[in-house]
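Student: Two chains, two frames, some hints: make the complex.
Next come the chains, spelled out residue by residue.
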Amino acid sequence: MARQEKPVDVVLVGLGWTNSIMGMELAQEGLSVLALERGEDRDTVPDFAYPKMADELTYGVRYKLMAKPAKSTITVRHSLVETAVPYRHLGSFLPGDGVGGAGTHWNGHTWRPMPEELELRSYVENTFGKDIIPKDMTIQDYGVSYAELEPHFDFFDKVLGVSGQAGNVNGKIHEGGNPFEGPRSNEYPLPPLKRTLNDDLFTQIAKANGLHPFPLPSSNASAAYTNPYGMQLGPCNFCGFCERFGCLNFSKASPQTCILGALKQHKNFSYRANSEVLKVELADDKKTAKGVTYIDEQGEEVFQPAKLVIVGTFAYNNVRLLLLSGIGQPYDPVSNTGTVGRNYAYQTMGGATLFFKDKFFNPFIGAGSNATTVDDYAINQIDFAKEGFIGGSYLLAAQTNGQPIRSMPLPTGSPSWGAGWKKATKEYYGHSMSISSHGSNMSYRDCYLSLDPNYKDDHGLPLLRLTFDWKDNDIRMTQFMKGKVEALAKGLAPDHLNTSFKDFGAKYDVRPYQTTHNVGGAIMGTDPKTSVLNRYLQSWDVHNVFVLGSSAFPQNLQYNPTMLVGALAYWSAKAIREQYLKKPGPLVQA
Amino acid sequence: MESRPDDSRRRFMKGALWMISATTLGTGVMLSPTASAASSLQDYKPVFFTPDEWAFVLAACDRLIPADDTGPSALEANVPIFIDLQMQGDFGQARDWYMKGPFFEAPAELGYQSPLTPAQTYQKGIAATNTYCRQTFSKSFAELSAEQQDQLLTLLQKDALKFDGVSAKQFFDFLLQNTKEGYFADPIHGGNKNMEPWKMIGFPGARASYLEWVDLHNVKYPMGPVSLNGDRG
Chain A
1 MARQEKPVDV VLVGLGWTNS IMGMELAQEG LSVLALERGE DRDTVPDFAY PKMADELTYG
61 VRYKLMAKPA KSTITVRHSL VETAVPYRHL GSFLPGDGVG GAGTHWNGHT WRPMPEELEL
121 RSYVENTFGK DIIPKDMTIQ DYGVSYAELE PHFDFFDKVL GVSGQAGNVN GKIHEGGNPF
181 EGPRSNEYPL PPLKRTLNDD LFTQIAKANG LHPFPLPSSN ASAAYTNPYG MQLGPCNFCG
241 FCERFGCLNF SKASPQTCIL GALKQHKNFS YRANSEVLKV ELADDKKTAK GVTYIDEQGE
301 EVFQPAKLVI VGTFAYNNVR LLLLSGIGQP YDPVSNTGTV GRNYAYQTMG GATLFFKDKF
361 FNPFIGAGSN ATTVDDYAIN QIDFAKEGFI GGSYLLAAQT NGQPIRSMPL PTGSPSWGAG
421 WKKATKEYYG HSMSISSHGS NMSYRDCYLS LDPNYKDDHG LPLLRLTFDW KDNDIRMTQF
481 MKGKVEALAK GLAPDHLNTS FKDFGAKYDV RPYQTTHNVG GAIMGTDPKT SVLNRYLQSW
541 DVHNVFVLGS SAFPQNLQYN PTMLVGALAY WSAKAIREQY LKKPGPLVQA
Chain B
1 MESRPDDSRR RFMKGALWMI SATTLGTGVM LSPTASAASS LQDYKPVFFT PDEWAFVLAA
61 CDRLIPADDT GPSALEANVP IFIDLQMQGD FGQARDWYMK GPFFEAPAEL GYQSPLTPAQ
121 TYQKGIAATN TYCRQTFSKS FAELSAEQQD QLLTLLQKDA LKFDGVSAKQ FFDFLLQNTK
181 EGYFADPIHG GNKNMEPWKM IGFPGARASY LEWVDLHNVK YPMGPVSLNG DRG
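As they're listed, the protein sequences go chains A and B. Under the working numbering, read the first sequence as residues 1 to 590, first letter to last. Under the working numbering, read the second sequence as residues 1 to 233, first letter to last.
Note that these hints are calculated values from the structure, not bench results. Glycine included, every Cβ here is placed at the ideal spot set by N, Cα and C. Please note: incorrect hints may appear among the correct ones.
To be verified - Incomplete in silico selection of chain A near chain B, CB under 7 Å: (1) GLY234; (2) ASN237; (3) PHE360; (4) ASN362; (5) ALA419; (6) LYS426; (7) GLY430; (8) LYS529.
So here's chain B without its partners, still in its complex pose (with noise of 0.2 Å):
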């Protein structure tokens, strides 16, 4: 996960975050100090996401699970990070799926019947969701207000939105399920930073032994959450 050094596109980087927090959150809330010890989501590289695309997943995280006082927004826990590294994985290429055609029309119960990988689906998603912004706003999606991106994720997710060879619908629904698993998937997996999100909702993560606890009724589980690499929170 360690990002190999490439000083250009990280410099780029650096530019796209610092535009996004401006645009979407005023004061930047999104990068605090504490939020830098593990791996760094301004220092990271993506790995699969163009700079576009990549400014597309920040500012989408970034209204999904957004900053507040609640508990850590998707970017303070790392989500995009996990996102990008799961493109390239089984889950993103669709490996263990079944990929073979004929592919036709059917009734949503009866499951995902697109050619696309969800990789594929993310790419198609975004241009055309950034076509569709800068047709009606003059502006891609990261350049709108928060007010603005709500409302666009709103018609993605109730499938308003009409796109070429992608459904705006499962588009929204592979990143909304992705950005959650982000929050909550143990830290091996890139994102839920430190643990916070865990913290938050006091699940205590791999610790995986409580016969002890088992008949202590309605008492709040009082220890911290642990990681598969042993890391405490």
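Just chain A, with the same shape it has in the complex (with noise of 0.2 Å):
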């Protein structure tokens, strides 16, 4: 029998990003709110302090600030009629852990996505007309748009402290920013960050190419700054430990940094670390959640009651939540039935490696969002009919690390050890740059998420089980950029070009590291048979129990995540302050 904690209004699952701003809105507006946090607590100091993050083994290679799958993991498999195995240790994607999840530990790149993103399916069926999206694409539009988003996105960059050049302010183009982006009602809180090499050499053959290049918009400040919760960041001093790191520095923006301490001011905030939500409890009708089950810190089931349930996970662990706690109906790929864990998607990326000898870039003077970029291919700048896909890329030439061990790029045909490979890195270390493609993933039909039939977790739970595998659009896709990205690489006139893109064929690898940018599974939308959320992120079936983070795009953008995973807590917030409480129940009618 459970012990049983004393009852509050809102019970967090997990205090990462969109739990901290949940937090924020929902302890501003006197609600009791408790956070029940999987992984341990986790601050700047002591946990983040310096000389203790510059250790590229412990946090880069050894991955200690992620979620440890021995705890916690998925299976993988590329179709519906193979056995799915699991991703026993880490590699393709990283999820966070810990307070502050996934946000200690980002590059801290603060794209929002495009107005046109988010309405996908209405934009391509009436720009380029239905018969273009292939059958079983099963993309569709969020149910939000960005005009309804761009108050969210602006206080969300205001708490991040983010810098950056605007392109586009109420409409005006700016020079110098992305010209390509949705209307900003104001410019970025903080100026770019200093520019290195790379970025100088990228910008220089990206003007002669005719497009337009601009700083990656940053979550790790260019200047001292102070949020509108009264939090202080100071200037990012490129120590080169960013992805993968807690920030040393207070410089990226991170819920500690920008939200945590603000809110543990709160007296009607509180958290516990240490303690693993198993299970939101519904009641008999099953229209409403009584609260969670969880595993306290000494190993005991407790049972804590809560008048309102946030889900906010790793993407993929809330459709696991959803699933473990009957919330929803689970999807079937083959009937084409249910909604929970439909639309899993991912990211395309590609990349080119460019070796000068004679440029000394020193790799080392990084910042995870140091880099330069165009949107010159963005997806409201390809003709899709045209081109024979849907989908879009930025490109940048990022400099975020010189760490040896795994920033260590060699020409192609490089010995791999021996006298040859100690000879390559003397000769080489420090005269590369890299220009890449971060692109969109569509969604489909047969990549889902579901509960697999095999394999367990400690408390004999199932893990969650991904079907996912390269599609032929996001193919096509890729291997534009990979011409784009060449004709600017070869431009510059390297010594040596290293190039990786994904070719036909390919299937998806667990084992390099890509992005962790996995969304769906519990996806957002207007239609309670095609999407598991209705607009404000509240289940269509459980109208006490809210879903925040990326696992509600209903695709992947071509973007990080983290601006619109912020802004769409906001929204909810939103709707939960000036809705919600004033009359539980849907906020819209299926």
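Tutor: Laid out in structure tokens, this is it:
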């Protein structure tokens, strides 16, 4: 029999970006708010303090801040007919763990989605006709527009202290920014970061090719900054230990540096670390939740009653919790029924490395968001009918770190060991830069999440199973980007050029790191037959359960997801504060 | 990392090291006087590997990153000490990995599916490689010539040898990955002795503060490395 805790108004499952935002919004409302975080408690001091973080092996290679597969992982297969096997150690993506979640170890790339991406099916059908959408591609509209989210993008920009150069302020195009972005109501809170040599070379060749380079919007602060919650950031010192690390310098926006310090001042907010929620408990009628069951720090099972349950764990873990809790109907790709688990998508990446014997890049002088980009091949810039694919990418030249175990690119054909390898490392370390493409991934009928029939966690509960592989549409997109990247790279006349882009027939590979931008499975939308959540991220089936995070994306953006994830959390919080609390019930009639 | 007093074992290890340097390197460049300041590979007593295994690790590391004029060798950088320490740690014991069955053969793209921990993979891989060497050359791996060792390592890397219960390629991949890690990881982990590998490539280690250098373009950064312990190189 589970121990029962004192009831609260709101229980937050997970304490990363989304529930830090929701916690603040609902604590401001005066509600009693309790967060349950599966991982350990973490803060800048002592957990990310210098010099502890400057340790590539421990954090960059052994992933000590990430979720441990031993405790929590998924299984993966490429198609419906295969048996899935576990993602036994981390590789392709790195889910976060502990207070702050993946928000502590991101690079800080802070892109807004394009207006067209939020209404993708409508945009494609209205612009190119529905016939260009391949059979079994299941892209959808989000059910919320860019204009509706703009105030939340703007506020989240200010919470994060984003450094950048605006390209479109209230419809007026600004030189040096992204001319293709949706209109912003304000400039970025901070000016762009300083530029490194790779930035300048990329800017030069992009301009020479008639493109529109601009600094990547960065949540590594370019100057001292105080956000609307009174939280303070210091200027990023380009330490070169950003992605996979907590910020040692109070410069990278994270739940810790931007929200939690202020949220902890609210007496009606509390949190418990090392508390793993196993299930959302439903009332007998299955239309409302009563609270959650979790395992506390001592390993004891606890029932935590709550009036409102906000699920804000890492994307696919949200989906697993819904499936384990019996919220919504599990998706079945064969009969095409149910919704929970539907429309998992990933991201389509490619890249080139340019070697210059006579140039010193000093790659250890890096920041997670130190990059120059072009968006000329974005979703709203490509003629999908002409090119034969749906999607887009931004191209970037980034210099994030020079940690030598992982960041040791060598010209193709270099020996992988022996005297030749050693010579190549000495010759080429610090003499290369990259140009990469970061692109969309569409959703498909047979790419989805479900419970695995064979593998279980320590609690005896089934692991989540991912069924996913690359499709020709997205390969065509990345091959298109390959041509663009190679043209730019060759224009800089490097001594050697390596390229790596997926080609037709490529299987999804869980081994090399790609991105941690896993999306979908608990998607938002306008129709309960094809979405798990309504436009306010409220469960269609259980009205006092809201599900935050990129699990709500019906297909993936061409961009990094955090800005949209945060803005959607504010959008959902506004609906809860202004509508739901006054009259609890479905905010949209099915 | 300081070795406990155990003279008989230490004497044995010195003997083993001498043997390797004689058989694989000719005149011993392996343990230069300057390489003895921090922790000495010569005096190091492995905590995980048996003497046979240790002889293999020393010999293999010495081929993966050999001694020459370019920069430090794996042995000069104490890489074997790093590997030995990793074996008993979370990595070697796969403590962070999902190691529950069932274990199925799967396409390589679906990642690691062996029931063996990295430490077990080393144990089985070393034993199988030595068995193969004894059957083929009547010598252990450590006793082969440098050329023969390189050929053997290439066979492992290409998965051209089929061993019972362990993948030759998986074993090689761990060995190579860990050798490079021990070469370039902070000295706090046992390798990268005196930060010589960092000095060779020009990585400043744990300095982690470069704001005033960001816009000095195409100029070689002039400062030497520092380590997590505050040592300067």
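Student: Next, verify each hint and record whether it holds.
Tutor: These are the hints, each one checked on the structure:
1. GLY234: 10 Å, violated
2. ASN237: 4 Å, holds
3. PHE360: Since the shortest Cβ distance to chain B is 5 Å, the answer is holds.
4. ASN362: 5 Å, holds
5. ALA419: 5 Å, holds
6. LYS426: Holds. Min distance 5 Å.
7. GLY430: Since chain B brings a Cβ to about 6 Å from GLY430(A), closer than 7 Å, the hint holds.
8. LYS529: 32 Å, violated
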